[in-house]
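Undergrad: Protein chains in written order, with our numbering: chain A, 7 to 427; chain B, 704 to 992; chain C, 271 to 549.
It cannot be assumed that every hint is accurate.
[Stated by the list, open to error] Listed below are the simulated DSS-like cross-link pairs for lysine-lysine, each with C-alpha atoms no more than 30 Å apart in a straight line:
id	chain 1	residue 1	chain 2	residue 2
1	C	Lys377	B	Lys923
2	B	Lys983	B	Lys907
3	B	Lys907	A	Lys421
4	A	Lys370	A	Lys306
5	C	Lys377	B	Lys983
6	A	Lys214	A	Lys421
7	A	Lys306	A	Lys421
8	A	Lys214	A	Lys306
9	B	Lys923	B	Lys907
Honestly, the hints are just simulated from the structure, not real lab data.
Chain by chain, the residues run as shown.
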Amino acid sequence: MKRLLLILVILSVAGAAFATATQEEEIVIRIGSATIGPANMAIFEDNIAQFEAENPGVTVQWDSSAGDDYQFAGLPSLLASDTPPDLFFEWGGNRVRNHVLDGVAMDISDLAEEFRPVLSSSAWAGFEYDGGVYGLPLNQDLTIQMWYDGNLFSALGLSEPDSWDELLSAMNTLTGEGVTPIVMGNADAWVAGNFVGLMLYRMAGNEKAQAIMGLEPGYSLADPDFVAALELAQLMGESGFVNADMNTLGYPESFARMFDGSSAMMPLGSWYPSEMGLVGMEFPETGHDFFMVPPLPGGKGDQTSILGLNVGYVVNANTEHKDLVYDFIRIMFSAESMARHSAEGGNIVSNSAANATDSPVVAKMVSSLENAGSLVAPPDTGYNLEMAAALYQAIAEVFEGISEPQEALEAAEAKIARLRE
Amino acid sequence: MTRRNNRHILYVVPALLIYGLVMIFPIGFTFFFSLWEWERFTPLAFGTLEHFTRLGTDPVLGRSFLNNFLYIAYTIVLEGFAGLVLAGMARRMQRSLGFRAVFFAPIILPSIVIGTLWRQIYATTGGLLNAVIGIVGAEPVVWLGPPLTMLSVSVVSGWTFAGYFMTIFYASMARIPQSIMDSSVIDGAGPWRTFFQIEVPLVKNIVVIVLVIITTGGFKAFDLFQILLRRDPLNSGIVLPTHLIRTFFENQDIGYGSALSVLLTMVVVAILLVINTVGKRVTGEIDEY
Amino acid sequence: MSTEARSPIVVRTIVWAIMAVVLVIYVVPIFWMYSSSMRTNGEIILNPIGLPTRIDFTNFIDAWQMANMGRHFIISIVITLSSTLLVVGSASLAAYGFSRLNFAGRKSLYAFFLLGLILPVQSFLVGLFVLFRSVGLLNSLWAVILPTSAIALPLAVLLIKNYFDSLPSSIEESAEIDGASTFTIYHSIILPIATPIIATVTTFTIINVWNEFMIPFVMIQTTELRPLTTSLYVFSTRHSANYALRLAALAVIASPMFVVYILLQRQIQRGITAGAIKG
Chain A
7 MKRLLLILVI LSVAGAAFAT ATQEEEIVIR IGSATIGPAN MAIFEDNIAQ FEAENPGVTV
67 QWDSSAGDDY QFAGLPSLLA SDTPPDLFFE WGGNRVRNHV LDGVAMDISD LAEEFRPVLS
127 SSAWAGFEYD GGVYGLPLNQ DLTIQMWYDG NLFSALGLSE PDSWDELLSA MNTLTGEGVT
187 PIVMGNADAW VAGNFVGLML YRMAGNEKAQ AIMGLEPGYS LADPDFVAAL ELAQLMGESG
247 FVNADMNTLG YPESFARMFD GSSAMMPLGS WYPSEMGLVG MEFPETGHDF FMVPPLPGGK
307 GDQTSILGLN VGYVVNANTE HKDLVYDFIR IMFSAESMAR HSAEGGNIVS NSAANATDSP
367 VVAKMVSSLE NAGSLVAPPD TGYNLEMAAA LYQAIAEVFE GISEPQEALE AAEAKIARLR
427 E
Chain B
704 MTRRNNRHIL YVVPALLIYG LVMIFPIGFT FFFSLWEWER FTPLAFGTLE HFTRLGTDPV
764 LGRSFLNNFL YIAYTIVLEG FAGLVLAGMA RRMQRSLGFR AVFFAPIILP SIVIGTLWRQ
824 IYATTGGLLN AVIGIVGAEP VVWLGPPLTM LSVSVVSGWT FAGYFMTIFY ASMARIPQSI
884 MDSSVIDGAG PWRTFFQIEV PLVKNIVVIV LVIITTGGFK AFDLFQILLR RDPLNSGIVL
944 PTHLIRTFFE NQDIGYGSAL SVLLTMVVVA ILLVINTVGK RVTGEIDEY
Chain C
271 MSTEARSPIV VRTIVWAIMA VVLVIYVVPI FWMYSSSMRT NGEIILNPIG LPTRIDFTNF
331 IDAWQMANMG RHFIISIVIT LSSTLLVVGS ASLAAYGFSR LNFAGRKSLY AFFLLGLILP
391 VQSFLVGLFV LFRSVGLLNS LWAVILPTSA IALPLAVLLI KNYFDSLPSS IEESAEIDGA
451 STFTIYHSII LPIATPIIAT VTTFTIINVW NEFMIPFVMI QTTELRPLTT SLYVFSTRHS
511 ANYALRLAAL AVIASPMFVV YILLQRQIQR GITAGAIKG
């Protein structure tokens, strides 16, 4: 019997050694992040190398999950684990607020002061609550712009549309040439969700849209203005203006369509240029460019609004290595790193970005932001996730042509009505 | 059998600990959780039935059940019946070993390889299937979207598991005495009749087991749905397990997620009971091989 | 052998034809995976059915390096070895106890084990996640090793116990007279005879744990601790714009499985189908 116990002990010790051998290090700074375009990731890797050289015995571990997995399951699970990240990526706004309420986000007002002169003043929104600063914004993500293939446009004599009608007629021309006007990789639901999300604000007005999506009592997703926005989506679906497989096509898969001549436009965020590595290209050589979504017919809201939000990094309130994390942030947000991010289009919040004249696309983003009447939050990062999922299903169904806008939104409202109480 | 000695229970303790702590104990946990109100990971109040009443009004749950039954119906044909017929044909070949080895092979691959490969095969650009039907001039088809979603996923399931069930049927048919086969030939029965009226009835018990595996397996299927369909914005291929995982891990709705989990457990156990009872009645009388 | 010999030639021809078609359905996707891996992304997009124009392993090497597969291979090996050790060790002990020894509660405990054969993973996943979260096991290899072991245990105990049951009791009688302890009998007499069934249990445990997707998908979000399956999920999602690279990554994972299958075909077939035939 003793030998039996002995064997069991050996077995479990061996297993434990196996399991922990891979984790045993000296001091580890963990960083949780959504996946980042290769160009920007290279900058972070240089930051890590520099930090590790300056701090012998300390290693930095960068955990990145696929974007949507990070947002939904990845980060909550990382935070819940025994080895939570010391510093993590977050979308400013509702999500950061939740971290503040949960006691996970550290007030870094002291560190923030160092960066006030470097970062533009609008960048802090979504990271400041009740006089505290709970994160450092790295970028202002413009979530929806219309990226387009400039070569294709000029070959067909098209120019950037200034009105919805012009956009429609451009799309008509494109379909006539056998080109799919808009490609969306909506298998993860948020691409079309963000695109139409912007249209919801423009149709209903920011305040009402926020009340509807913010689950305030007395409002409904099946609001006539929301229905009107989805009718525009329905028209695009019926006219063949979007790719027929949009709801099964993955987000990275959709990039290939912008390069095989089959599609002309893609509604996507300011990170589009930094994703070119996925198809093995540098952005400047693509001949791609963007325009902002033109004003909607009959819209009651601000027609110059931009969908987007500040994104940045939050320090875990429970970190044991606050000083090291601060040091790493100083490298990560150094003027040099920021300038490099700007050049890649991955940063437009630092003052250096505004001066980055050598990158026309970044300059254009900065000026678009300056000209925008308002910055409104995407449904999935600014609001309750269940609401966003229900809304996104309605949007997907309307594009697909399997539901009428009214009934799709009513079905979505039915799913979340209990959350309005 | 040695004398009764209660110290011998120590032999089963290690297995019991792993199995009990990791499998049985959390089931109790799950049931317990389903009766609580939650704010993310914080329990608020005990003694609510709201999660169970919500089961009755959840429109996504209805869709999940429907899809699950559809998937089971398709896979009974594409996995079970296909396996049965393949086994029958293999028995009528001179050298079937190579064929059988190839048909069995997919099951050793991880679901991520099978799912991703088929996602690529079904793709609209760069997809093998659309390229093949393009040869005869057909327009590209969105295989993983409605109305084909469930069928396309089931085909991948069939591709993976038909060979597995073929192997099981083949092994049990091989135990049928040659004399029975011979007498049917003497009776002048054709191969079709011999197969369905003699061989299949003689392996009825295996048929029932295969039905159990496919039916309960249908309620456990997660991998292929997640890998092939990703988040599936239309919910055109949502099934109970994906609905459960999304409710629990994405919405972090522990209460309702637990209730779904309890429901899933009861469905699987109920199906087993039904098939067992009916199956016993069917297979009871005849000699089995 | 004789069934087929007696089938009329017409029947045999038809059967051959159908089986050949089915064979194509099985071989083509796999062949396509390998052949496309040796082409460039642009070639695949232009013509998915084309054949590679050269033997080129660039994509395989890129996939291996970009997905950091070496690391994830090791993680998968660690998880699989640990689970298999736990399952074979504890299941053979338990089966010995249930089959050859006698103690209070033996029958009911055994029935309790068999319950595990019918329970789906999802019935305990939610509770287990919360449990692991509260004891800090999330995002550790234990969070995969323990559940995969627990899932394999009931069938392992059943199979090994049935095998032990079939052994005559005379086997241990002489040893008992010599005064050998039950444990000596277990490891020096019973276990050596049980090699075939241990091999079967080892086979199905290794394959199931190696291929497990859902449990690490739920339990491990740390990049460096992901096993091959979920790391490949993240990689293939991320790089899905590069069809050639993604297919090459799949081929790299599938190849060792095919090699092992070709070498150990009989053993693997027996292992994987054991549950259905004995259960």
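Undergrad: List, from low to high, the hint numbers that the structure doesn't satisfy.
TA: Going through the list in order, the structure violates hint 3 alone and respects the others.
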